[in-house]
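Construct all of the structure, not just a fragment, from the sequences and the given hints.
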Amino acid sequence: MNPKLPYALLAGAAVIIFILSCMLLSRGRRSPSCESQPRILEKTGSTSQSLVFADLTPEEMVQVVRYLQGNLGVQLVDASRAKPSDNCIASVDVQVPAKAEVLRFLDGGGARPPREALAVLYFGNQPDPNVTEYVVGPLPTPAYHRDVTVQKYGGKVPYHRRPMLGSEYEQVGVFLETVAFAAAPTFLKEVFEYDGTNVAFQTTAPHGFQSGDRKSWFIVFQNVSGFFVHPVGLEVLVDHSSLDISRWAVSRVFYNGQYYRDMVQLESAYVQGRISVEKVRKAPRDGDFSSMKPRAPSAALFPLQYEPQGPRYSIRNNHVLFQAWSFAFGVSVNTGLRLFDIRHKGERVAYEISVQEALSVYGSNCPGGMSTRYMDGSFGIGRYTSPLVRGVDCPYSATYVDTHSLSETLSPSKRKASLCVFEQNLGSPLRRHYSNLQSLYYGGLVNSALVVRSIATVGNYDYVWDFIFYQNGAIEGKVQATGYASSSFLHGDGLRYGNRVWEHTLGTIRTHSINYKVDLDVGGVKNSLVAHDMAFEMARAPWSPEQQIERPRLTKKVLDTEDQAAFRLQSKMPRYIYFAANSKNKWGHQRGYRIQITSFAGDHVPEASSMERAISWARYQLAVTRRKEEEPTSTSIYNQNDPWTPTVTFANFINNETITNEDLVAWITAGFLHIPHSEDIPNTVTVGNSVGFLLRPYNYYDLDPSIYSHDGVFFTSEQDFTACEINPIACLPQTASCLPNFPPFTYDGFQNM
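In terms of this note's numbering, the sequence shown opens at residue 0 and continues consecutively.
Hints are computed from structural coordinates only; laboratory data are not their basis. Remember, it's a predicted structure, so these values are computed and weren't measured experimentally. It is possible that part of the hints are untrue.
[Stated by the list, open to error] With a Cα cut of at most 27 angstroms, we get these calculated BS3-like pairs of lysine-lysine:
| # | residue 1 | residue 2 |
| --- | --- | --- |
| 1 | K585 | K555 |
| 2 | K98 | K585 |
| 3 | K292 | K281 |
| 4 | K583 | K525 |
| 5 | K151 | K98 |
| 6 | K477 | K344 |
| 7 | K477 | K98 |
| 8 | K151 | K627 |
| 9 | K525 | K585 |
| 10 | K556 | K583 |
| 11 | K477 | K281 |
Below you can see the structure in the form of structure tokens.
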């Protein structure tokens, strides 16, 4: 025996013990925290230039208010306390400069356009009450204001068209409780156990049947969590058209299928036993069936997404960079999320993509439900943008952005974390191929996209607004609807208008229509609209003339006029419709961006309706018009309260003008029919309630630009696909085995309400 052998064996055993000890110890340690790596971002323009589109800062809002208070020569009351007979500032927002000015600045080296604000004021305390819009500038130190109301709308805006302020809703609530309800104490006490605190009101709109009306049905619900699905059967029509609150009056009352002149008549009929009473079981404060409190305890944690090497996008002020994409973002008080100067690989593909309106038209056999046509822009889609809950509304590791607005107050309000930006692995390949013919290989690309999101809670509905940027140059605009389904009291033939979803609750049928403005600039400002589709043709087989073949062929048509480019809601539209540039790709085709709409809209309001012209944008799934500065939006906040004489009529935009080689705008309408059902209790889910559009490159590039993505994977049968330099996915156990740096959970959604 070799005398050195025992020592060698002991040394070997010691080494093995040391290695095993290290392995065991390492298992007990925490994985290292993820560390950000230098980002690979393509140069796509100056971030400072995007400030030309930026929302107003709180400091700018303060300066505008101060200027208006000192230069209009009238007293301005804080809108949160204003009476209808007062003067007040309804809102202040940024005035985006004219496109030509902006492009001279962005592309031509011109001067930066002056920064200005748009202020909407209610003048109730003057001989001719009206709504006036002022442009105020230059910011940050205002020195001038000009009245742009007539220029924008062709005349003054009558006072009755003004959107209702929160203070007016409060004043109507006080009127109902102290005047209207005081006339029916016995009925309210015995039927509803009314104590002054246990009912809630929901308004309807528009307010009447003709211009000048301001009569609103107020639907009465139990004042519990999720009150929207707790109707009690009582609805009150209030005439609040007078600027003198003391002259407001009840015009009609509805209870359980019967109409009454006023609350006095209702009380009298009840006391005399001439009313069919349907008592509603009193709900607990949490709403019982309408409570969103989970019915199951927490269990295993749901999957989380994180960025092992930090975010691959950057946000500076209002400017976002992500791989080949760049754009500016903002939130309009009225219309919500909007984007400007959207570029891919440094070239502008769209000047503006913005939400315009969210319309819902209800049916019911109750007066409030049957008369409701909500135009949410009038209430303020941006104003009601809500703070986001980290990990639910957006991924936990998303970047959260605060927004500011000035609406119905003299001071700016801050909504913390009301917009989020994140990159999302969609869990499927953007493209892939597995080859087992001729050669053996795999090629693929993970579908990772950038999402910009805000969520607006307008009354009972929550709208999740997304703009999504894909690596192949496509952009998606998407809205998902959730929240509570507004309801009516179930009585009589109610099942003609929806489904019963609880004991006394009728989930009423409604249509939802969402309108977008898409100002594409494909290869420049001047574009044409081209339609491609298919048709079958009969042909003789050249190699066997006695045989016939039915083959699809390509059809092509240039749409020369606005009338040709206006596609009615349920009409057949070319499957491929695109904005064509004046330039061509390598293969001789006009470079283009295709518009693809995802929608399952209900029917549009009949055009014979006296109010249809106010929502005439909803006639069309797509309408392409010449871009005009005097046609900046498809509707107006004033259309809600006077749809019979609309301030802006979209149908007038379409007047058969030539749209060949012009600056064009696509107005896109996507929507869905919602017939609430028992699964809408406690509230509606987003699954299946998502509509929108895609903008996709169509011969815009010479090949798919995503082939240049850093995320691509390719290996052959002859390569070592476990090697990192061949297949980066093989390195995930090393490169991604870190713990994400999740910040502590915070939420400020209940502050400064």
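Each hint tested on the structure:
1. K585 - K555: Roughly 20 angstroms separates the two Cα atoms, so the pair holds.
2. K98 - K585: Status violated; Cα separation ~30 angstroms.
3. K292 - K281: OK: K292 and K281 at ~19 angstroms, within 27 angstroms.
4. K583 - K525: holds, 14 angstroms
5. K151 - K98: The given pair, whose Cα atoms are some 16 angstroms apart, holds under the 27 angstroms limit.
6. K477 - K344: Within the cut-off at roughly 23 angstroms; holds.
7. K477 - K98: The hint holds at about 25 angstroms.
8. K151 - K627: holds, 12 angstroms
9. K525 - K585: Satisfied, since the Cα-Cα distance of roughly 20 angstroms is no more than 27 angstroms.
10. K556 - K583: holds, 17 angstroms
11. K477 - K281: violated, 39 angstroms
This entry does not satisfy hints 2 and 11, going by the numbered hints stated previously.
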